[in-house]
Amino acid sequence: MSARLKILRPGVGVTVQDFGRRNFRALGVALSGALDPVLLAAANGLTGAPKGAAGLEILLAAPELRASEGAAQIGLAGDLVGMIERPDGERQQISSWRGVVLREGDTLTLKLGRGLAYLGFSGGLDLPEILGSRSTFLRAGFGGVEGRCLRAGDALACGAAEGGDVFAPPLIHEAGPIRFILGPQDDHFSPESLQKFVQARWRVGPDSDRMGLRLIGPRLAHTMKGGNIVSDGATPGAIQVPGDGQPIVLRADCQTSGGYAKIGCVISADLPRLAHLAPGDVLSFIEVDHEKAATARRRAREMFDGWRARISPTGWLDERKLWTENLIGGATSGENEGFR
Amino acid sequence: MSDRRAEPEKPLAPRILALGDAAATVHFAAQIAPDVHARVRAFCAALAAARIVGVEEWAPAFGSATVWYDPDQIAFAELALLLAALARAPGVETPDSALFEIPFCAEGDFAADLDEVARLNGLTAQDWLKNFVELTLEVYMLGFQPGFAYLGVLPEALSVPRLATPRPKIPAGSVAVADSMCAAYPYQSPGGWRLIGRTPAPLFDVTNEGRPALLSPGDRVRWRAVSRAEFLALEGRCGADDFRIEE
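Protein sequence lines correspond, in order, to chains S and U.
Heads up, the first sequence stops at 340 in the working numbering, and the numbers go up one at a time, no gaps.
Heads up, the second sequence stops at 587 in the working numbering, and the numbers go up one at a time, no gaps.
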C-alpha cells in the first residue's frame, strides 16, 4: 500500500533529507542529511515511519501539497502552523507536534515560523537511495528529487497511513551557549584569541546555508602559524577561522576537507541547535571536554525517548489543552541564542 | 583547501587530535610529500585491517587522516591510544594502486589559462604541456567535491599560484592547476584554480555504487593530450575502466 503527494507550491529551500550519506567521505562526498536530525526523527515518530526514513526539510518557506492518491500520515516537527482543506470544503487548523492523516484529495497548506521544520511521512518518502542515502546534495545535484529543491508539480510517494491522528508535546532543544571541543588547530590561535572566541556574542551572517554559518564578531587573530593549514578532514560542527578572523561553523553539506585552521568543533548533541540559527541570530560558545559531550549526548537521547513515549492519539479535549498550555507557552528559548 | 608547499617539518610522532566528539584527526606532518603521504596511506590500510569497534569511516588527507567514530561505542581516550599505536607502527603494507592514463583536451576555451600558466613558468604553452604530460602524478586525497582528486606534486617549474579572484563558474570536467597541485572538477562550481584543459572522463558516477570515484587516494595518473575531435568522440561514451592501464 502506498500514497502519493503532489507538490502544489514548493516553498523555499525544501529538500528531501534523511540522516546522511555515510561511508563515502574518503571520496569527497559530504555527509548531508537533516540539519536537525532530532526534529526529523520526531516528524518520523509522529507518522510511525521506520527509523532512518527520509522526510522533507523546510529551510526557508513551507510547501503546499495534496494527497493525490491514497491516504498518507504526515508528521509536523518544528515551528509550523497550517490548514488542511478537505475536498468537501471542510477546513481543519493544524500545527506542529501532530501526526495527521491526509485522505485522498486533502490539501495541506503550511507556514514556517522560527527556525527550520520537518515533515515526516508514513513509511518514509519512497525515493531511490543514492550511495546509501536519500538525502539531497544540492551542490552535486544528486539524492532526493533529482538532487534539487522541490518544485511545483513534483509527486512524492510514501507508505499508506496506518494509524490515526496523534499529538505530542513540543520538543524543545536545550538552551545556553553552543558547546564545543577545542582543536584540532587551536595552536593556531593565541590565548587572547581563544578567550575572545568564548567571550564574544557572535552574530550569524547573511550568506549562511546548509554548508555553513558565517559568524560576525571580534576578529580572532592567528599566531605566526596563520589561518591556512595543509588541508585536513572537516566535519559538520567544525569551526573554521580563515585569515579574516571571522569563524565559519560547518553544517551538514560541508566539504569533507578544508584548508582553514579549526579552533574547535561543536559537539554532536548541539548540532541540531545550529540548524535553527538564521542570519541575524546571536550565539555564544562554551568549551567542554569529551566527558561532558558524552553526558550531553545521553541527555539528548533521553529527552527524545521521553518525548516519543508521550505521543498519544488525539482527543478533542487533549488537543485544546495542548495548544493553550504547552505550545504557546514553551515554543521559544528566549533571545539569548536564537534557537529553539 | 590550501595546498601550499609547507616548510619541511621534522618527523614527529603522529598526534591524535579531537575533531569534535565523533571524529579524530591523526596528524603526521603539515607537509605535502610522497613519504608523508605513504605513512598516511599505510595508516589507513592498517585501520581498515584493525576493525576497531565503533570506528565508522576514515578519509586520508595530505599529511593526516580523519577517523569518524560512534562515541557511544568507544571513548575518545581509548580510541586515541589505538590510533596512536596504529599510526606509529602500521604493520600493514600500503595497498597497491592503479595507474591511469586520462585524456584531456587543452585546446581553445577548455584551456583558458594555459598561456598565462606557461608564461608564469617562462615556457611556451606547447613546452608547458609537453612537460606536464610526462609527469606521473599521485592522488593525495579527495575532497572539495565528490570525486575531486588532488594530484601532485607538480615540480616548481610547472607550478603557479591560484587566481587572485576565483571564477564564479568552472565547467565540469575542467582540468586545472594551482600551487603544486592538479585536479579535474567532477561538477561545475566556483573555483580559483587555473584552467589548462578539459577531460571527457567520468570523474564521479553515483550509479557506480562499487566505485563511484574514478580515482582513489594512492592511484597514479598520467594525462594524455587529445584533440577536440577526440574529446568529443569520448565525451559521454567512456567508462572508468577505459583509462586504467595498470592495476
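Calculated directly from the structure, the hints in this document are not laboratory data.
Among the hints, a few may not be true.
No farther apart than 20 Å at their CA atoms in a straight line, the calculated lysine to aspartate or glutamate pairs in the EDC-like style are these [what the hints assert, rightly or not]:
| # | chain 1 | residue 1 | chain 2 | residue 2 |
| --- | --- | --- | --- | --- |
| 1 | S | K51 | U | D412 |
| 2 | U | K509 | S | D209 |
| 3 | U | K470 | U | E456 |
| 4 | S | K292 | U | E418 |
| 5 | S | K196 | S | D244 |
| 6 | U | K509 | U | D453 |
| 7 | S | K225 | U | D410 |
| 8 | S | K292 | U | D410 |
| 9 | S | K51 | U | D519 |
Between beta-carbon pairs, the in silico distance windows are [unchecked claim]:
| # | chain 1 | residue 1 | chain 2 | residue 2 | range |
| --- | --- | --- | --- | --- | --- |
| 10 | U | E570 | S | E146 | 39 to 49 Å |
| 11 | U | P530 | S | G245 | 15 to 25 Å |
| 12 | S | E291 | U | V393 | 13 to 23 Å |
| 13 | U | G576 | S | Q92 | 44 to 54 Å |
| 14 | U | A424 | S | R114 | 43 to 53 Å |
Cβ atoms here follow ideal geometry from the backbone N, Cα and C, with glycine treated the same way.
(request) Of all the hints given earlier, name the ones this structure violates by number, lowest first. (result) Numbers 7, 9 and 10, in rising order.
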